[in-house]
Amino acid sequence: MTVPASDPLSGLRPNARTAVYRALLRESPVHWSRAHAAWVLMRYGDVSLVLRHPQALALKVAPFLEKLSRRGNADLTSLLAFTSSLSLMMRPPRHDVVRRLFAQVMGNFRRSKLPGLLEARADTLLLAGTKDGSIDLARGYGRELALFTIGTILGIPAQDLSNLGDIGGGLIAIFDRMLPSMSRMAELNRAAAMLIEYFERLIADRRRMPQDDGLSAMLSLATGELACSDQELAGFCSFFFIAAEETTAAALAAAAFALLDDGDLRARLTRDHTKIAGFAREILRLSSPVQYVAREAGIDLDIGGQAIRAGQGIVLMLGAANRDPDVFPEPDTLDVDRAGPEPLAFAAGPYRCIGAQLATFEIELATTRLLEWPNLFLSPEAPVWEERMNIAGLRRLTACFSREGLRDARD
Amino acid sequence: MPEISLRDWVRDYLAQLLRIAPGEISFERTLGDYGLDSVDAVLMAGEMEQHFGIEIDPASFIQYDTFEDMISALEGALHRHPTAVP
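Protein chains in written order, with numbering that gives the first Met the number 0: chain A, 0 to 410; chain B, 0 to 85.
Incorrect hints may appear among the rest.
[Unchecked claim] Quick list of in silico lysine to any residue cross-link-like pairs, SDA-like style, CA-CA up to 20 Å:
| no. | chain 1 | residue 1 | chain 2 | residue 2 |
| --- | --- | --- | --- | --- |
| 1 | A | Lys59 | A | Tyr350 |
| 2 | A | Lys112 | A | Thr367 |
| 3 | A | Lys66 | A | Gly310 |
| 4 | A | Lys66 | B | Leu16 |
| 5 | A | Lys66 | B | Leu17 |
| 6 | A | Lys66 | B | Gly34 |
| 7 | A | Lys274 | A | Glu341 |
| 8 | A | Lys66 | B | Asp39 |
| 9 | A | Lys66 | B | Leu30 |
[Stated by the list, open to error] Using C-beta positions, here's what the derived DEER-type ranges look like:
| no. | chain 1 | residue 1 | chain 2 | residue 2 | range |
| --- | --- | --- | --- | --- | --- |
| 10 | B | Ser71 | A | Lys130 | 52 to 58 Å |
| 11 | B | Tyr33 | A | Gln311 | 19 to 25 Å |
| 12 | A | Phe376 | B | Tyr33 | 54 to 60 Å |
| 13 | B | Gly31 | A | Ala306 | 17 to 23 Å |
Hint data in this document are derived by calculation from the structure and do not stem from the laboratory. Glycine included, C-beta positions come from ideal geometry on N, C-alpha and C.
One chain only, chain B, in its complex shape (with noise of 0.2 Å):
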């Protein structure tokens, strides 16, 4: 298992990413209120894929209301295949 949870990478990589600090971070918001788009949401599915070892639809990061609905979904689906999130 990867050391670092799903919700905590997610976290890092957006406070990186947007460089402000990982506690400013809220997962109430959606890639677009971060002034993130559809590449954006490529290279981190991309990135995701490489630490967790699975494949992920990258449109799974547009298509949800919130990150905290992004994340549960596919915390949700890492459970139930675990080599495979949608």
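Next comes chain A alone, as it looks inside the complex (with noise of 0.2 Å):
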């Protein structure tokens, strides 16, 4: 396969892009792609170097919206409220600090309750499937886990989270193209207006009546050391939540679909849950459900022999980098044993994934109790992926339960 003259990357679909990556790692690892106005590299060695670069910060795309707001007379002040909350978290100098209290809130996971919540979570959602003899394991199982786990961590009510959920995979594409249309643009800022003053009613509520969750431990760091108003956190929580749930979501489900569609491997996770840890890792490298992250390079950088210009944008394709042949032999292969230097799937550096930890907990989690039902296969309906470019999962993956496997798996 050849790369074509119109740029690859843009509007790539979730199931074209190994061919694409594995084109583009041969042919053009480090490119200048004028859809995203930036540096592209594709390299594993390349991907790792930038991410750790303490010179290659986080994309500041206020000025951009800001310019768009004004020029196009269009009212985008929640999206800006919301991106303006990113890079406060995102760059120095107050970045260090966000991180160090949102790892505060949700370090101790293990120790708390949502374990033991969340496995009988699974567990519940396994059981309706039966009743109903089928299961989506994308919508039904990945996002209802995910969501009950940020749900959990930040103490929101249960019943408001799927359309919180619903509100935030529409905030999401804000991180898919680097250039969304205008319609696209409106749609984004009423979705970022929804879940910010969300996340404003419920600190007010918890500002009247402190709880025993994260959003009050997070209320009195931000009134100390973080120093931030309730506005900066309301946008806080907002990125906080569409990270861990959007994300997430699609580790669960490409983890669902990899192991139903695998019966050696199956067999082999079943008999052996050592081995459910390396297949986490390999979910993770496979899915990376960030498919990529925008930098910026703040001085003149030498990257694969390529100069780039303070100022110039980079973006970084984790996914692509996850399948660097160089790095990982036999890159398409699943391999629970594959020993090697980590996957970037949580990027890596001063901006790694604060929730890696939660997450590859909740893949080895969900993958546990999947493990527990043998007469769950794979319906023959193909499964649906969001039609996303960056974070981009399953949408659709139907599970049938047998009714002979039914009995064994009560008996």
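With the hints as a guide, bring both chains together as one complex.
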């Protein structure tokens, strides 16, 4: 396959990306993309280097949105509030403080009530599936568990989660295209407004009556070390929510798909649960729920023999780096015993995903619970993917329970 | 069908934006040649969306070598999928 003349990464479909990445890794691992107005890096080594480089800064989106809002005469206020809380979070000097505080809120999840609750939730969903005879492992299992997890950590009322997840699913498209259309911008702005308003109300509730949850913990931190307003905190929570929900849902669905699609692998994991950790690592590598992240060169850089000037954009293709054959031999094969360096699914360096441990734990747990249902099989119906380029997981993955197996599982 | 062709629309839009005569617009040049940036691309795509009732990826304005290439691609796509131009 040759690299097509127009930008191969523009509008890339999730089920077409492996072949495109393979070609670009071979033929143009460092290239300028006009569609993204940025350098695109494909190789593990280059991506890893930039992720860890102190002068590769988080991208500033606000100036672009401000200009667009002014000249296009469009109301992008909420989108601006959302992205400015992002850059407040992502750029020095407050970056380290915000990370430390978020880490505190999430850090002790293993000792919290979450693992037990999540396991019960997984079993409830699967058991309900047996009554219907089938279950959608993308929306009805992966997404449900991801929502339940972040909802439990922050203290979001259970009845609000599904609606909030839908709004978040709309807003996540901001990480998708470098240049959303004006009509898309207006949709994103509405989604940002709804999410931020929701968290502002929840924060006001907790101010009146603190509870034993992450949001209340964050509130006391916000007035202390973090020194941010409730509105800014609502922006953080909105990001935190969509980052935890959509990406983990994608990974959980990918895990379910891989497991049910390969009988030998499933049998092996059933026999030997110690391999589940290696499985989760491979799922993260192969599915790369965040396919790329964008940075901005703070100084002139030399990457892979290419001079990148200060101020230029850099797109780091995590999904491609995770399939770099020089680092991961036979990169498209799922190998639970694979050695080698850490995949870049959670990025690396100063902006590495704060929720990495939590997400990995969710994948392991969701996989372990699925292994308890040997009578669950993929339906012949083809899986449906989200039509997004960046955070693009399965939208629908139907699996069916067979009657004989159901009896076995209950015995 | 819209009365004005995509080609003429682009020519008129650029002429108005750049305050030059439509006849001076060269489709052999790029957005960057005229000093236009990504904000201009999004705004122009937005105007086109409204006028032609289709969805356009603003990145397509930037990724082609010239306006000529971009217009050909959009015309082709408009022909194939009257409601969605990639």
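How the hints compare with the structure:
no. : hint                              : verdict
1   : A:Lys59 with A:Tyr350             : holds (15 Å)
2   : A:Lys112 with A:Thr367            : holds (18 Å)
3   : A:Lys66 with A:Gly310             : holds (17 Å)
4   : A:Lys66 with B:Leu16              : holds (16 Å)
5   : A:Lys66 with B:Leu17              : holds (18 Å)
6   : A:Lys66 with B:Gly34              : holds (15 Å)
7   : A:Lys274 with A:Glu341            : holds (16 Å)
8   : A:Lys66 with B:Asp39              : holds (10 Å)
9   : A:Lys66 with B:Leu30              : holds (17 Å)
10  : B:Ser71 with A:Lys130: 52 to 58 Å : holds (55 Å)
11  : B:Tyr33 with A:Gln311: 19 to 25 Å : holds (21 Å)
12  : A:Phe376 with B:Tyr33: 54 to 60 Å : holds (58 Å)
13  : B:Gly31 with A:Ala306: 17 to 23 Å : holds (19 Å)
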